[in-house]
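Undergrad: For reference, the chains in residue letters:
2 protein chains.
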Amino acid sequence: MAQKPSIPKGTRDFSPAEMVGRDYIFTTVKDVFKKFGYQPIETPSLENLNTLLGKYGDEGDKLLFKVLNSGDAFSGIDFSSYNVETEEGTKINSNALSLKVCEKGLRYDLTVPFARFVVQHQNEISFPFKRYQIQPVWRADRPQKGRYREFYQCDVDVIGSKSLLNELELVQIVEMVFGLLNIKVCIKINNRKILSGLAEVSGHPDKLIDITVAIDKIDKIGLEEVEAELREKGIDDKAIAVIEPVLTLQGTNNEKIAKIGEILAASETGMKGVDEIKTLFGMIDSVGISQEVEFDLSLARGLNYYTGAIFEVKAKEFEIGSICGGGRYDDLTGIFGLENMSGVGISFGADRIYDVMKGLNLFPDNVSQSAMILFTNMGERELLYTIPVAGQLRQAGIKCEIYPDNTKLKKQFEYADKKGIPYLGIVGENEINEGGVMVKSLTSGEQNLVKIDEITSYLSSLS
Amino acid sequence: MAQKPSIPKGTRDFSPAEMVGRDYIFTTVKDVFKKFGYQPIETPSLENLNTLLGKYGDEGDKLLFKVLNSGDAFSGIDFSSYNVETEEGTKINSNALSLKVCEKGLRYDLTVPFARFVVQHQNEISFPFKRYQIQPVWRADRPQKGRYREFYQCDVDVIGSKSLLNELELVQIVEMVFGLLNIKVCIKINNRKILSGLAEVSGHPDKLIDITVAIDKIDKIGLEEVEAELREKGIDDKAIAVIEPVLTLQGTNNEKIAKIGEILAASETGMKGVDEIKTLFGMIDSVGISQEVEFDLSLARGLNYYTGAIFEVKAKEFEIGSICGGGRYDDLTGIFGLENMSGVGISFGADRIYDVMKGLNLFPDNVSQSAMILFTNMGERELLYTIPVAGQLRQAGIKCEIYPDNTKLKKQFEYADKKGIPYLGIVGENEINEGGVMVKSLTSGEQNLVKIDEITSYLSSLS
Chain A
543 MAQKPSIPKG
553 TRDFSPAEMV
563 GRDYIFTTVK
573 DVFKKFGYQP
583 IETPSLENLN
593 TLLGKYGDEG
603 DKLLFKVLNS
613 GDAFSGIDFS
623 SYNVETEEGT
633 KINSNALSLK
643 VCEKGLRYDL
653 TVPFARFVVQ
663 HQNEISFPFK
673 RYQIQPVWRA
683 DRPQKGRYRE
693 FYQCDVDVIG
703 SKSLLNELEL
713 VQIVEMVFGL
723 LNIKVCIKIN
733 NRKILSGLAE
743 VSGHPDKLID
753 ITVAIDKIDK
763 IGLEEVEAEL
773 REKGIDDKAI
783 AVIEPVLTLQ
793 GTNNEKIAKI
803 GEILAASETG
813 MKGVDEIKTL
823 FGMIDSVGIS
833 QEVEFDLSLA
843 RGLNYYTGAI
853 FEVKAKEFEI
863 GSICGGGRYD
873 DLTGIFGLEN
883 MSGVGISFGA
893 DRIYDVMKGL
903 NLFPDNVSQS
913 AMILFTNMGE
923 RELLYTIPVA
933 GQLRQAGIKC
943 EIYPDNTKLK
953 KQFEYADKKG
963 IPYLGIVGEN
973 EINEGGVMVK
983 SLTSGEQNLV
993 KIDEITSYLS
1003 SLS
Chain B
543 MAQKPSIPKG
553 TRDFSPAEMV
563 GRDYIFTTVK
573 DVFKKFGYQP
583 IETPSLENLN
593 TLLGKYGDEG
603 DKLLFKVLNS
613 GDAFSGIDFS
623 SYNVETEEGT
633 KINSNALSLK
643 VCEKGLRYDL
653 TVPFARFVVQ
663 HQNEISFPFK
673 RYQIQPVWRA
683 DRPQKGRYRE
693 FYQCDVDVIG
703 SKSLLNELEL
713 VQIVEMVFGL
723 LNIKVCIKIN
733 NRKILSGLAE
743 VSGHPDKLID
753 ITVAIDKIDK
763 IGLEEVEAEL
773 REKGIDDKAI
783 AVIEPVLTLQ
793 GTNNEKIAKI
803 GEILAASETG
813 MKGVDEIKTL
823 FGMIDSVGIS
833 QEVEFDLSLA
843 RGLNYYTGAI
853 FEVKAKEFEI
863 GSICGGGRYD
873 DLTGIFGLEN
883 MSGVGISFGA
893 DRIYDVMKGL
903 NLFPDNVSQS
913 AMILFTNMGE
923 RELLYTIPVA
933 GQLRQAGIKC
943 EIYPDNTKLK
953 KQFEYADKKG
963 IPYLGIVGEN
973 EINEGGVMVK
983 SLTSGEQNLV
993 KIDEITSYLS
1003 SLS
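These protein sequence lines map, in sequence, to chains A and B.
Residue numbering for the first sequence follows my numbering, beginning at 543 and increasing consecutively.
Residue numbering for the second sequence follows my numbering, beginning at 543 and increasing consecutively.
This is chain A alone, in the form it adopts within the complex (with noise of 0.2 angstroms):
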C-alpha cells in the first residue's frame, strides 16, 4: 500500500503562486537593504543547543526542537539516573535526558544566531556590522491560524553604532519598503528608557518588567484590566495614578513628548529616552516620512532586551497583528563575550505582510514567473522548428516554453491558460511554410502571423 503523504502539521507547502508572491516581498525587502548598505549574512539552521538555551526564557526553551545525535544516540545511556521521584510515582525527566541525546536544535530566531555570528567573526567584521539576513526558523509552538512551526523572519540590524542616524533610517526603510509594497502602515515608536523612567518616577524601578508587561497589552486588554494587572503585581494606587496619564496620552507626537517630559523629569534615565525620542522625532520631521509615525508610550513589546528604541509597524486598512517590529539593545553580544555592542534592528514579518497584500489585493498584476509564450507541439518536425525559435527568445530574456508533448492541441491550450502564459505561439505546417508562428493572445484571442526574425521584437512590444 502507498502511503498517503502528509507534512508535518504547522509547515508548509508553498505552491509557484505563492512563491511568486513571497519572492516579490523578499526581493522588494533586499533590495531596500541593499540601498541603505546592509549586506546579506547566513547562518546554519542547526546551532549548538548551548548556544540557544537560555536566550529566549523557559518558555522559549520549551519550543526549541532538538535533534537527535546521530549514531546511537541512545547507546550506553543509564535511562534510570533520569529518573525523579513525584506525587504519581517514579518518572523521567524529559528534559535532562534530551540535552543528553541532543546537542543540537534548530535555530528559534535570527537575532541570536546574529549575536553568535558577530562574535565568532569580530576579527573578520568591520564595525559598524550592517547585515540582513532571510532565513526560516523553527519553534514548536501549537500551531493554530497565521502561527506556524516554521517560517521565514526577515531581519535588518546594524551593531557597533550608538548613533541614532541607525534608528532613523530604519524607519526609513520601513516608510520605503511597504511604499513600495503599497501598503499604508503606522510605524509606531517608543523608547524603553522612557518606560524605566516611569517605573522610577512611579516608585517601583525594580517592577519595570511588571509595568512594561502590562503597558503592552493596553491595545488588547484595555486600561482597566491593565491597572487590575499592576495592582496584582503588588503596585500601589500612587504609582498607577503617575502611570496613569502616560497610558491615556493625547495629541500630536512633540505634545506628547512635551508632557512625557514633564512627567519624567525627575528621572535621569527617563529623561534620557526623552531626549532620544525628541533627537529621532525630530529627524524624522526634519526628513520627512511619508507613512504615518506615532509615538506610542503603550508599545513595550514582550521582549525583554530592548534598551533603546522600540518600533512596531501596524498595516492601517487590514486587520492583522504587527507586520513589522524590532529595537536598540545594547548588550546583545555580552552572553558570547562580547560586551558593550549596541545594535538596533528591526525584522519583517513574511507571512503577514503577504496576508495583507494578498488580502487588499496589492500584488501588481504583471508579478508573474510564468513564460511570455506557450509553443503548440504537433509533432517532429514542428518540434525542430520551434526549438531554434524558443533559443532566440530566451537569449533576448523572454521566457517562453514548448509543450514537449504532441498531444490534443486543446490540452496544450488549457496548459497556458492555468499557467497564467498570456500568448499562444502556434506552429503548423503553415506557419513553416510561411516562415513564422501564429501567435494568438490568450486574452483578447486575436492572432498575428508573425515572422521568424521578428518574433523578438513583437514579443518584446507587447510585454
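Check the hints yourself; a few may be wrong.
Since the list can't tell identical chains apart, any single copy or any two copies may satisfy a pair.
[To be verified] Calculated cross-link-like contacts (lysine-lysine; reagent style DSS-like; alpha-carbon spacing at most 25 angstroms):
id	residue 1	residue 2
1	Lys-858	Lys-993
2	Lys-961	Lys-900
3	Lys-597	Lys-953
4	Lys-576	Lys-633
5	Lys-993	Lys-633
6	Lys-801	Lys-604
7	Lys-604	Lys-993
8	Lys-749	Lys-798
9	Lys-726	Lys-950
Calculated from the structure, these hints are not laboratory results.
Fit chain B to the known structure of chain A by using the hints.
TA: Okay, now just chain B, sitting in the frame of chain A:
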C-alpha cells in the same frame, strides 16, 4: 563566564562576501530556469520521518537527522522494551527507540519532498509540472573537506511528460547556466536502458545493479579493478567480455551510438535506450550546444531510480567532482500512490560551482552588494544636510551609506575601504556652503565637488 560560541561541525556561516557569490549563482540559475518556464516551489525543512525513511537505502536512513518530538518526548516510555540481547550483553536498540521519540526529520534531498508534493497537490497541479526548488538539505554524514551536513540543493525537474524535448531542454539549461557563469564544462549523457540492455546481452539481466555500480567506478578505479569487482559479484568472463568493449568505446558520439546499437541488437530494452540517445543527440546536433556534450557509457551514477537519460556535468578547467547531475525516472511518485508519472530533472551543486568560480576567479568584478558611496559624518549639521542627499540617491536606485557616528575621518575611510565602497562623499562646512558634496574615488584618489542636484547623474555616469 561567557560561552565561547561555535557552530555544529559540518555546518557553515556565510559572510557577506560569500553571500554575494552564492546569490550570483542562485540568481543566474533561477533566471535560466524561468526562461524555460520552470516555476519555484518550497517544501518544509521538516518532513514526517515516514515520508523520508526507506527512500535512500539503509545508508541514507542512517544519515537522516531526526527531530525529537516536542513536549515530554520520553514520558511513559518503557525503555527496557527497547533492549536487545547481543554477544556483549543487553543493549538498547537506539534506532527503534529513536523512531518512537522522533516523528519528524530534516529533509535529505529535494527529490523525495518534490515527489511527496506532487502527489499531495496533484489536483491543483497542471501537468506536465515544471518546477525548480532551491533549499538546504541535511545529512548526518561524517564532515570532511567539501562535504557538509547542511548544504543547498538546486533542483529543476519536469514531471508528467515522456517527451525527450525535456532532456534536450535540460541540456540547454546546463549550457546556458554555465555559459552565463563562464565555466567551460563537459556534459556527459548516458541512458539507463542501455545499461540494462548490456546486463541482458551479457547474460546477467539480474545483475544490473552490480554491473551499473561497477561501471560507475571506471573513472575512479580503472578497467582492471572494475573487472575484478564484476568477477567478485559473480559475473563470468564471457559476460565481462561482452561488457568490456563497451567500457572502452572510443570515437565520436555518433560512432559510439552506432557501435552500441550493434552490441545491444538482441535486447529490446537496450535498443529502446539506443533510440532515445539517438533522438536526443540528433536534437542536440540540430540545435547546436556551445559546450562539449559526450555520450559516456561509463556514466551510471550510484542512484537506483533512473530509468532513462542520465546526466553529469564536469568542469573542464578545475579539478572537482561533478557540478551538476540528474536523469529520468519513470516512477518517482509511485511510492506515494501516484503511478506512471515519468519525470526528468537535474540538480546543480551550488557549493562546488562556487568553488570552481572562486578557484578560476570567474566572479565578475561588479558583483558586489556594497554601497556605491559612503557619506562621511562630521557632526549633526552635516548629517542633516546629508540625509536628504542619500535619500535622493536611493530613490534613483543608487546604494549608499552614511557613516552613523561622528568619529575620526580615518576610521570612516577605513570602513569604506574594508567594505569595498568605491566612493566617499565628504560633507564638511565648506561643502555645505558650496551646496555640494566632495566625491572622492577611493581607487584613483581623484575628487570633485559635485552640486547636490547633480550628484545623482554624476554617480550614475560613473557606474
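Undergrad: Decide, hint by hint, whether the structure agrees.
TA: Hint check:
| no. | hint | in the structure |
| --- | --- | --- |
| 1 | Lys-858 to Lys-993 | neither (51 angstroms within a copy, 39 angstroms between copies) |
| 2 | Lys-961 to Lys-900 | within (19 angstroms within a copy, 38 angstroms between copies) |
| 3 | Lys-597 to Lys-953 | neither (56 angstroms within a copy, 33 angstroms between copies) |
| 4 | Lys-576 to Lys-633 | neither (53 angstroms within a copy, 56 angstroms between copies) |
| 5 | Lys-993 to Lys-633 | neither (80 angstroms within a copy, 76 angstroms between copies) |
| 6 | Lys-801 to Lys-604 | neither (42 angstroms within a copy, 65 angstroms between copies) |
| 7 | Lys-604 to Lys-993 | neither (66 angstroms within a copy, 58 angstroms between copies) |
| 8 | Lys-749 to Lys-798 | within (24 angstroms within a copy, 83 angstroms between copies) |
| 9 | Lys-726 to Lys-950 | neither (48 angstroms within a copy, 40 angstroms between copies) |
Of the numbered hints stated above, those contradicted by the structure are hints 1, 3, 4, 5, 6, 7 and 9, listed in ascending order.
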